[in-house]
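The residues making up each chain are set out below.
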Amino acid sequence: MTQVLLPRALDELWDFLEEDPNTAVYSGGTDLLVNLRGGRINPSRLACLERIEEIRGVRDAGAAVFIGAATTHTHLLENSLVSSEFPVLTKAIRVLASPAIRNMGTIGGNIVNASPAGDTLPPLYALDAEVEIVSRKEAKRMPVSDFIVGPGRVRLGANEIVKGVWIRKAPEFNVRHFEKVGLRKSQACAVASLAAALSLSEGGKIERARLAWGSVGPTVVRSAEVEEALLGRELEIQMLAEVARLVERAVSPIDDVRASAQYRRIVAGRLLLRLAESGCKN
Amino acid sequence: MKIDFRLNGAAIQVDCAADRRVIDLLREDLGLTGAKESCGAGECGSCAILVDGEGKLSCLMLAAQLEGREITTVEGLASEGRLHPLQEAFVEKGAVQCGFCTPGAVMASLDLLRRNPNPARAEIREGLAGNLCRCTGYQKIIDAVEAASKIMQRRERP
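Residue numbers (numbering that gives the first Met the number 0), protein chains in the order written: chain A, 0 to 281; chain B, 0 to 157.
Looking at chain B on its own, in the form it has when it is part of the complex (with noise of 0.2 Å):
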C-alpha cells in the first residue's frame, strides 16, 4: 500500500505492506539504520523515534501507522552540518561507548526534554527507564542529558 508521512521534515511517500514493521521500513527499505532493533518486544528501546514528537518504538508500529504522521529518527537531529546540542553532549560526556543503545537514548531523551526541558537527575533516569545500555552503567548518558538540557535551555532563550 502506499503510505504518505514526513520523515526527518521532509514529505515522503512509501509503498510497503501494510504490516511492515517501521523498524524495517527504516532499516531495510529506507536505509536510515539508526534505530536498531534488539528486542523486538518493547523492552530495550533501541529503536526509538519520534512520531508526531513523543518517543514511540519503531519494533511495535506498523508502516500503515505512518500515514500522515510527522516521524523524526536520528538521523533527522543534525542541521546545517551541525550535531543536536544531545548528539554533541553524547560525544562530549561519554555517554556512548559501542553506540548500539545510542539513537534510542537520543531519542528518549527528547521525548524527556520536550516533557521536562529542565529534569533532575533522577527524572533524567525516569525518562530513560525504558532504554537499555550494557557499557556504560547510565553515568555518563545521564550526565549527557543533563548538560545538553542547559545548552537546549540557553539556545531557547532570546
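Only chain A is shown next, with the shape it has when bound in the complex (with noise of 0.2 Å):
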C-alpha cells in the first residue's frame, strides 16, 4: 500500500518532502494515477496537493494575474478575470480534454507534466508566463520556456514544487486566437495546435506578434523569425501562406499514432492561415 497524504498548507507539505523524498505531489491525478497504475512510476508515498488554499485559485495581482497551480481547469475556464484578460487561454481550456477531467485536471499539472500536447502550455508561452516555484527556503520565477526543458522535463530541484503562473495582462494584444487540431472534436490530444497573440494598429497593421505552436517539438515552439516576418504587415492570407514556410521550417516534429512529421508540419504552417479570419475580433 502506498500511503497518501493530505498537506493544507505548503509548511505540512515541505515536512512530508523532506521525511522521504521519493513522496510523489499530485493534485488531479488524471496523468499520475494513470502512470502509477501502469507501473511507470513508483513513489512511496503520495502526496495529493487539492487541499493547499495557497496554491489554488485566481488572483488579480494589479498588472499581473496570478494563477495557483492547483486551480482546476474548470474553475479557469468559468473564471471571469481570466476570460476577459487571456481568452486565448480561455479558448485552449475549452478544448482540453473532457468535463471531467477538466474538474479534475490542473493547470500546474500540465506545466509540470510539459508534454509537448499539454493544452495550456502553447498560451501559456504565447502570454510570456511566469512560474514561480517554491521550496521551504525560496521563491523564484522562470519563463514558462525556460522552465520545461523537454518533453516531460522540468527545472524542478528536490523539495520543491510549481506555486503557480504569473500572466501580465497585455490588454494591448487585441487578436487572441487558438486552435488545435485533433482526430476527433473532443478528448483528442492535439496533433498541432497554435496560439497566437497578436497587436494590430487601428490601420490594420500587425504591431507586436507571439504565437507558440504545440504537438510539433519536444516542447513548445516559438519562433522569433516568423514573429518578425509578421510585424507591419496585414492580416492577410497571401502574407500568412507566405510566412507559413517560415512556419514549416521551425518546427521539428516526431511520426507517432496521431500523425506523421510531415502532416503535422504542412497543418503548423496552415494553422496561420485562419489568423486572416481574425481581422480586429478576439
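In case anyone wonders, no lab produced these hints; they're calculated from the structure. Wrong hints could be hidden among the right ones.
Claimed, not checked - Here are the simulated EDC-like cross-link-like pairs (lysine to aspartate or glutamate), alpha carbons at most 16 Å apart as the crow flies: (1) A:K184 / B:E122; (2) A:K184 / B:E125; (3) A:K184 / B:E42.
As the list claims (entries may be wrong) - Covered stretches of chain B (chain A as the covering partner; in silico rule of three or more C-beta atoms under 8 Å from a C-beta of chain A): (4) 62-72; (5) 139-149.
Note that the structure is predicted; figures quoted are calculated from it, not measured. Even glycine gets a Cβ: it sits at the ideal position worked out from N, Cα and C.
Could you use the hints to bring the two separately framed chains together as a complex?
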C-alpha cells in the first residue's frame, strides 16, 4: 500500500517531502494515477495537493494575474478575470480533454507534466507566462519556456513545487486566437495547435506578435523569425501563406500514432492562415 | 486507514488502503456497482461520480481523497421510490441500450445541468464529450438530457 498524504498547507507539505524525498506530489491525478497504475513510476508515498488553499485560485495582482498551480481547468474556464484578460487561455481550456478531466486536472499539472501536447502550454508561451517555483526556503520565477526543457522534463529541484503561474496583463494584444487540430473534436490529444496573441494597429498592421505551437516539437515552439516576419504586415491570406513556409521550417515534429511529422509540419503552417479571419476581433 | 465522508446523503466511515481507487472502493467494498470501470485511464467516463457536486472520475481518485467530501453515485439519485428526472428521461427516450455507460452519462449530465440548467443540444454534446457510448449513437442520450432539463427547470420554479 502506498501512503496518501493530504497536506493542507505548504509548511505541512515541506515536512512530508523532507521526511521522504521519494514522495510524489499530484493534484488532479489524471496523469499521475494512470502512470502509477501502468507501473511507470513507483513513488514510496503520494501527497495530494488539492487541499492546499495557498496554491489554488486566481488572484488579480494589478499588472499581472497569479493562477495557483492546483487550480482546476474548470475553475479557469469559469473565471471572468481569466476570460477577459487571457481569452487565448480560455479558448485552449475549452477544448482540453473532457468536462470530468477539466474538473480534476490543474494548470500546474499541465505545466509540470510538460507534454508537448499540453493544451494550456501554447497559450502560456504566447502570453510570456512565468512559473513560480517554491521550496521551504525560497521562491523564484522563470519563464515557462525556460522551465520546460523537454517532453516531461522541467527545471524542478528536490523538495520544490510549482506554486503557480504569473501572466502579465497585455491589453494591447487585440487578437487572441487558439486552434487545436486533433483526430476528433473532443477528448483528443493535439496533432498540432497554435496560440496567437497579436496587436493590430488601427490601420490593421501587426505591431506585436507572439505565436506558440503545440505538438510540433519536443517543447512548445516559438519562432522569433516568424514573429518578426509578421511585423508591419496586414492580416491577409497571401502574407500568412508566405509566413507559413517559415513556420514549416521552424517546427520539428515527430511521427507518432496520431500523425506523421510531415502532416504536422504542414498543419502547423496552415494554422496560421486562420488568423486572416480574426481581423480585429477577439 | 479510516476515511470519513458522506455517501449518497449519509455519513459513512470506511477502513481501507489509502491508495485504493474510489471505483474499487465503491464497487467491491461498498457494493455500489452503478459506476463502471471501462478504460481505467480517464478517457471513457463510465466511472463518473459527483464529488461535492462536481463530476469526477472514480478510477482516477484514491480513497484517501474522499475524506470530508460529499459523494453522490447513481444509486443516490432516486428518492422516495421515484427515479430522478434524468433517469426517467433516459428510460423514456430510449437512451439506454446495453446500459454500461449509462450511470456515467447520467452523472456527467447532472454536472452539466448544475452549471447550465438549459443547455442547447450542442452544449449537451460538449458536456457529454467525455462519455463514450458504443450503442446509442448519442442522439437519444442528448434527447434525454434535453427533456430532463425542461422537466427539472419546471420543478424548480414555484
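Hints, verified against the model:
1. A:K184 / B:E122: Holds, at roughly 13 Å.
2. A:K184 / B:E125: Satisfied, since the Cα-Cα distance of roughly 9 Å is no more than 16 Å.
3. A:K184 / B:E42: Given that 16 Å is the threshold and the Cα spacing comes to 14 Å, the pair holds.
4. 62-72: Our answer is that it holds, as 4 residues pass the Cβ test (under 8 Å) against chain A, meeting three.
5. 139-149: Since 0 is below three, the answer is violated.
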